[in-house]
Structure formats: C-alpha cells, structure tokens
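> Next come the chains, spelled out residue by residue.
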Amino acid sequence: MPSADLVLSAVTKRFGSFTAVEDLDLTVPEGSFFALLGPSGCGKTTTLRMVAGLEEPTAGTIRLGDADITHLRPYKRPVNTVFQSYALFPHLTIFENVAFGLRRRGADNVKTQVHEMLELVELEQYAGRKPAQLSGGQQQRVALARALINRPQVLLLDEPLGALDLKLRRQMQIELKRIQTEVGITFVHVTHDQEEAMTMADTVAVMNAGVIEQMGEPLELYENPATTFASNFLGQSNLVAGRVLERSADTVLLDVQGTKLVAPAARAQSRQQDVWVGVRPEKVFLAAAETETDDGSNALRGAVVTDVSFVGVSTQYLARLPWGQELTVFEQNTGARESFRRGERVDLHWMPGHTFLLDAAQDASAGVEKEEDL
Amino acid sequence: MSVAAAHVGPGEQQLPQDQPQRKRGLTGYLLLLPGALWLLVFFVVPTVTLVSTSLYDPTGSISTGYQMTFHWQNYVEAVQEYAPQLWRSFVYAGLATIACMLLGYPLAYAIAFKSGRWKNLMLVLVIAPFFTSFLVRTLSWQLLLGDNGWAVDVLRTLGILGADGHLLATPFAVVTGLTYNFLPFMVLPLYASLEKLDPRMLEAGADLYAAPFTTFRKITLPLSMPGLVAGTLLTFIPAAGDYINSELLGTPTTRMIGNEIQDLFAAGAYPVAAALSVTLMIVIVSMVFFYVRRSGTEDLV
Amino acid sequence: MSTVAYRSRRWLGDRMVLVYALLVLLYMALPVFVVILMSFNDPSSRQSYEFDGFTWDNWTNICGPYQLCSSVGTSLKIGLLTTLLATALGTLMAFGMVRHRFRGRAVANVGIFLPMASPEIVLGSSLLAMFVSAGLGGVLGFWTIFVAHVMFCLSFVVVTVKARLSGLDPRLEQAAMDLYANEWQTFWRITFPLVFPGILAAALLSFSLSFDDFIITNLNAGQTVTFPMFVWGAAQRGIPPQINVIGTIMFLLALTLVVAGELARRRRFGR
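Chains as they are written, first to last, in the numbering used here: chain G, 1 to 374; chain U, 1 to 301; chain R, 1 to 271.
Same shape as in the complex, but just chain G (with noise of 0.2 Å):
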C-alpha cells in the first residue's frame, strides 16, 4: 500500500502585505502522532487549514500520499478538522452532528456507527440533546467524535483542549493519545502549550514566525535544541555567552567570563568563535560557594541566591553570577538536603554532556514566554 505520508513542499501563504507561512516543508509520517507547537499567530493554525483546504497557498504543495490535495475543496479531501471552538451545528442533535460528514458521503449503517463513536467518546446519552445543553468537555468529546467517525486519513486539531481546564485537559490528553494509538489515524495537533505536544506527540516542529525552527522527538527536541528560540519555549534554559578555545573531535573546550567549560561537540550548533553556552535549569546543581567537586563537572563560581520559589515538586532559585546575568535552578525536592536561602553564595555545577551551544548571533531572549502570549 502506498505511504499516505503527509508532505508539504515550499509552503506559503501570505495576506496582503503579512506572510503568516514562509516556505515550510514537512512531512507527517503516516500513522504518527504529531505536533506543531509554537506562540500565537506563529502561522501554525494557518498551516493547518491549508491542509484541510480552508486556506489556499499562495505557492507550494501539499500532498498526500501520491495525491496532490493542493487546490482541492475541502470536502474533496479525506481530512478532518477539529475546531479549537468546536464548531457544532447548534440546530442539530448530537446525533446528527457526528452523522453529518456520514450522511453527505451516503454511507451506510449510519445509525448503528454513530451509536458506536458515541459509545468511544462516552457520550451515548446525550445523542438526542442539542450542543447548547453541554458542557465545554462534552463539547469537544463530540467535536471529535464527529470528525474521527469518518476514519480520514489525517485528523486535524486545532488547539482542541484550548477551552478546558487544567485537570480535564490532562485527562484528554491521555484520551486522545489512546484514541489515536488504537484508530491508528495520523493525528496532526497544532498548540502553543509545549507539554502538551510533549506529553502526547510522537514528534514535535516547533514553528516560530511562519517558519519551522526544529523538528524532531519530544525528548530530542528538548535535550538538543537548535536555536534560542526553541531552547526558550520549549522548557526553559540558562544561555550565557561564551568563546570558543578549541574545538577538537569530541569537545569544545569554552571561555565564559574567565571560567574554563567543557560541551560536547556533538551538540554545538553553531561553528563560530562566539557562541550562546546552554544548560537547563534542572540539569543544574548548586553547591555552598568554594565546594571543591572531582566530577568533572562545569562550574560557574560565586553566584549569589537572589530568589527561592519552593513549587511543591521542585523548588526553583535564581543566581546572579558576579557579571550580573542571573541564572535559573530547578532543583527536586527530594529531601536530601535543605534548600539554599537568599543571599547565600553558592556555585552551579552540572556535566558537561548536557550543554549545548547555538548561535550567537540569535536572540536570546527568542521564544521566552511573554505576559502578552498568555
């Protein structure tokens, strides 16, 4: 059979004068669960309607499989969207909203599949009341149901969990994800909470300003980012600027403010002299100023604890080193040892092996999450 791998070639849509997509190439393996994450009005929810053909490109293809589904209507292509509003037809039953898609193409048996889908969404009951009689999580439920009952080859969301609170949607995070591994339907999700498409995704892209800035494994993603941006949004990480000393085959060896470090070479992005030094905050130990250690680790000396916020599992401090940038810590609470205070001295430690370099000429402060993104 052949591969109805999702592809889209040189993708571009622009607006007037506002290019939402600039030029983007992707390509959904069929069966997988994936995820394009990134802020708002990042063009990824544009993306997706290109695919479902609500949205026309301005250049580029987009295939599936061996069709080209490019300039086709959307009620050509065997794609299904779930609306971040949800979008039932509030005249409708229930019923008649996940028998819709059905019932245009003249299938049969509609009734006992409806009553099937509804059975897989938990909703059975409510199949003779009208969308306005439920609850936001119900909503969804049917939402979704109404698009996967008409088995597409890809089932597009768009920020479905958006609307819920926190507990129901970690709920249907785990919901969906079961949903997907037993239909085996290529789900593509796009969101802007990266745990999300962390915790669900097989693989993540991380889209910033119209283009795709990583792609890759949620945990390789995390681990190795390639820009600041993606080493900002995704998680949080410390980068402080450095120059290269020496490169060899294995290592980089790394001058940052005086204090010699050691990256990997295998995770330098970046080719030139200066480079931006990044380690995650949980990656991070602290230790009371002068700790002489034998571990081999990078360390950053003389910082001062200037906050301590205790989060339950972890708690979270800021240093500030003697030139001034302050750093974050997560440490886990595991009871070992009593956190630091305000104001304490204290050395940040961690191996080398989870450093990473990126370009400096890149913004630091690219993909840090903003009041105005919330």
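Certain hints may be false.
Claimed, not checked - Taking lysine to aspartate or glutamate and the DMTMM-like style, the derived pairs with C-alpha atoms no more than 20 Å apart in a straight line are:
1) U:LYS114 x R:ASP14
2) U:LYS23 x G:GLU56
3) U:LYS119 x U:GLU195
4) U:LYS23 x R:GLU183
5) U:LYS119 x R:GLU262
6) U:LYS119 x R:ASP14
Said to hold, decoys possible - Under 10 Å between C-beta atoms, here's a sample of chain U residues computed to sit facing chain R:
7) THR27
8) VAL41
9) PHE42
10) VAL124
11) LEU143
Don't read these hints as lab results, they were simulated from the structure. Note that this is a predicted model, so its numbers are computed, not measured. Heads up, the beta-carbon is just placed ideally off N, CA and C, and yes, glycines get one too.
Please build the complex by placing chains U and R on the supplied structure of chain G, with the hints as guidance.
For chains U and R alone, kept in the frame of chain G given last:
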C-alpha cells in the same frame, strides 16, 4: 446574542479567517439587483419626479394638466406661507425625539444588560404594540387623554391642570402621540448598539473607581453613539412629516407640515405640495449627509 | 458612606434602570389595553368614544359596519403579497451585502437607509407624483399600494436579515465543508436554517408595517380602502367598536406567532 454567534474561546485570536471573507465576483451584484431595481424605480425615480413636480406651474391642475416652467417661486411661496407649520413640525419632532431618548435609552440599556432570561420577551414587548393597528392605538390615546379620562382627572386633582384644562387637542397630546409612535425606532437601534458592548468593559470601569454614572458617561454613552444617532434619525425625520397624531390628537392650531402637504395633494395643488415635500426632504438629506460625513455609512444599516 | 447605605444605593441603582424600563414598557402597552378593553365597549352613541358598557356583540358581529371586513381583507391581501416579495428581495440583498464584494457599498447603505428614515408623507407624495406623471392617475388602487409597500418594507427586511446573518459564525460553514458538504449543501443545511429566524422576523415586521400603513397608502389608494383608511374615515364619522376588535385580533395573532416562534427556537437550539 444568537446561539450561532461567533464564539471566540479563551486565548483564541481573531485571525483573518475568522471574519467571513467576502466573495469576489458578480454574485454580489446579482443578489442586489432585484431589490436595487425596485428601489430605483419606486424610490429614486419618484424622488426625481417629485422635484420636477415642484417646479410645475402652479396654475395647473389634475384636469388641465401641468406645465413644467421651472417655477422656483413655488418654493419661496410654499416656505413663506407654511413657515409656521414647518417650524412647528421640527419643534414637535424635536421634543418627541428627546422624549424618546429619555424613555428609550434606559429601556434599551435594561434590555441589553439587565434583562437576563427575559431579554427576548422584553424585545417582543417593545415591538408588540406595533401589531395593533397604529391608527387604532392613536385613537386609544384620544381616550386616555380625553377630558373624561383618568389622566386629566388626576392632573386636575393635583392642580397641575386648571379646572378647564385639557390634555387632548393640545401640543402636549400631539407630542405624546409622536413619542409613543416612534419609541420603537429609537429603542431598537440603541439596543443593537448596546448589545455589541462587552459588559466586562463596564465592569472594568467600575473596577477603576468610576462611579456608575461616570462609567455611563465616559464608556457606555460614547460607544453607543452609532445606535443613538441612528435612532435619532429614524425618529426625528419621520416624526417631522407625520400628520396623523396632529389630526387625531390636536387642533387646527397644531397642524404640522404633513397635514398641509396631505391636504394640498388632496386638493390637487401638486406643485406647491411637492415643493413643501421636497423642502422637507432636503432637510432630511442634509441631516443624513452630515452624519455620514462624520461617521461613515457602515453603521447605518 | 456606610457599607449598608452604599449597598442599598447600588441595589436600588441596579434595579432602578430595570424598574424604569418596565414602566416605559407599561406606557407602551397602555393603549393596547385600551384597545382590548374598548373591543367590548357598548357605545351609547355613534359619536362617543368612551367606555359605556360591556358587551360581546362587537365580537359576534365583527363585520357589521359597512366596509370594515372588506377593508381588512384588502389589507390582508396586500400584506401577504408585500411580505412575500419584500422578504424575498430583501433577503437576497442582505446576503449580497454581507457575503459578497461589490463596488458602491456606501451608496447601497445610504440607499437602503433613506426609505426607512424618510417621512411617509415624502415617500407617499413622490410616488403619487410619479404615478400621475406616468398617466396612472386614474388607476390608483391595489397594485399601486402594493408597489409602495414593498418599497418601504424592503429596507426593514434587509436590516433585519443582515443583523442575523452577520452574527453567524463562519466556522460553522467551514466545519460543514470540512465534513464533505459542498457549497450548496452547506448553504441549505447550515446557513439557511440558522438565518431563517431572522428571515421570519423580517417577514413578520414587513407584514406589520404593510398592514399598518396609512399615510403612504392614503395618497396612492385611489378608490381602494384598506383597514387603516377605514379607521381614519371612521375617526371623522364615528368609530365603530369593531375596530378595536380587529386591533385586538391582530395583536393576539402576532403575539401568538412570536411566542410560537420563540418556543420553536428554544426547541431547535435546546436553549
């Protein structure tokens, strides 16, 4: 708001695709064509005819036919002779409009923000009196304001009205009738305008220490302006041309310009009648024109 | 000031607007009550217009007064025809204006607004002028009235349908197309059912305006007599109480339609 109204979820942005993109092509013209033609033939053309009729030689009549002589004097004569009625019409209409504003704004406000489940019911109650024939209702006012009605009784007892005082056959009655008639035309556009306001804006006003009246003055009122202006135009203008209220509730001394135009047409004095009509129309068009200059046409319909 | 005083002032302020509004509604309903009351009136003489005594006679003998029922019939016929045509044309226009691009939008907006805003005397007299100039002065009647009514109802239909159509979430139609409905199916299964309440409201409004119209009708009616014209004539000659019976019937009929419409809407949308 209708159940099918555009729902923007929390954190959702209004992207270009959320606004329905208007379709290109000729379909728009085709859809507009039949209605536009009808309005062209039965509104625009008659207006032109009216203007030309107003320039006929006034010595003509239906039987002898009319001569087009570009007799501008029709206007001069008409305005001179009927200036009192013209003035009176604008005054009555003005008073009625103000009364409609005072009565109608709180009503529209209440329906938009304070009515909860009863919103649709209240809207129906605004339009419901419409369903009884308008003339029949105006006759009811004759009864209500009549010398034997309780309104007069109460006012006489309170001393507001002299022992011989009337309510009927007074300018007061005429203005009351006008107000009553055109109230829905003030309430509905106002309501439409207020309905579009996000009540959270008003809450924000209160949160920022604005006393209720200040919130109203600085937030609600300016934002409801389109509705208020539309309502004013839809009230003042037709009221100025009305004659029914004047005829049924007034006296010969309260005759409005509408009365005169009607009688002149009935008598066959077309040129003068037309001149008066056109004068009235010019005033209207100027008012609408000024409004459009200031605020554009999008909020009109 | 103290919390209690403040709280009670706010409670009052909150309620005050509502109370005021209800009073205004009462004011608007007052003449209707009078109409209903007077429909049971047993007038002492032709000229008197006061409540003299109670009787059912008016209701059992509605068509007693000469020309009353025929005028009502004429008004009903004109009203129905007007509603049909005005609603059809107006709905088309509303769709055109909301969903399509065309040049001259400002002109269209003004062109629709003016008939609503013009005094009836001006609308009526201009039509009369046109009919007379066209040599139709002798055939004024049913059809000239019809033409005039469609003309001024059109704008109201456009505004009403436009309001409903603009409020329609475009994503519903997108969802339908996503679910294999082509443009035609999307229109009939999604767009039209959701706009229909607006179209219905426009039709009802149109009928009311047509049935009720006097000034324009009077100028262009020739020998034809509509119900409002009958009432006008009666106001000079002596008012038969059956007029109030007709008024009451119209009111109850329209009220029933509106309530039925609201119930149907609740059933349809579940809320």
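> Now tell me if each hint is right for this structure.
Do the hints match the structure? See the list:
Only pairs whose Cα atoms come within 20 Å are accepted, and LYS114 (chain U) paired with ASP14 (chain R) is accepted, the gap being roughly 8 Å. Simply put, LYS23 (chain U) and GLU56 (chain G) have alpha-carbon atoms about 14 Å apart, close enough for the 20 Å limit, and the pair holds. As the CA atoms of LYS119 (chain U) and GLU195 (chain U) are separated by approximately 11 Å, the hinted pair is consistent with the 20 Å bound. In summary, the hint linking LYS23 (chain U) to GLU183 (chain R) is supported, as the alpha carbons are separated by about 13 Å, within the 20 Å threshold.
For the proposed pair LYS119 (chain U) and GLU262 (chain R), the alpha carbon gap of about 12 Å is at most 20 Å, so the pair holds. With a C-alpha separation of about 16 Å, the suggested pairing of LYS119 (chain U) with ASP14 (chain R) holds against the 20 Å cut-off. Using the Cβ-Cβ criterion of 10 Å, the hint placing THR27 (chain U) at the interface with chain R is satisfied: the shortest such distance is roughly 5 Å. Given hint, VAL41 (chain U) at the interface with chain R, holds; its Cβ is 9 Å from that chain's nearest Cβ, closer than 10 Å.
For PHE42 (chain U), the interface hint holds, since its Cβ comes within 10 Å of a Cβ in chain R; the closest pair sits about 4 Å apart. The criterion of a C-beta within 10 Å of any C-beta in chain R is met by VAL124 (chain U), whose closest approach is roughly 5 Å, and the hint holds. Checking LEU143 (chain U) against chain R: minimum C-beta separation of about 6 Å stays under 10 Å; hint holds.
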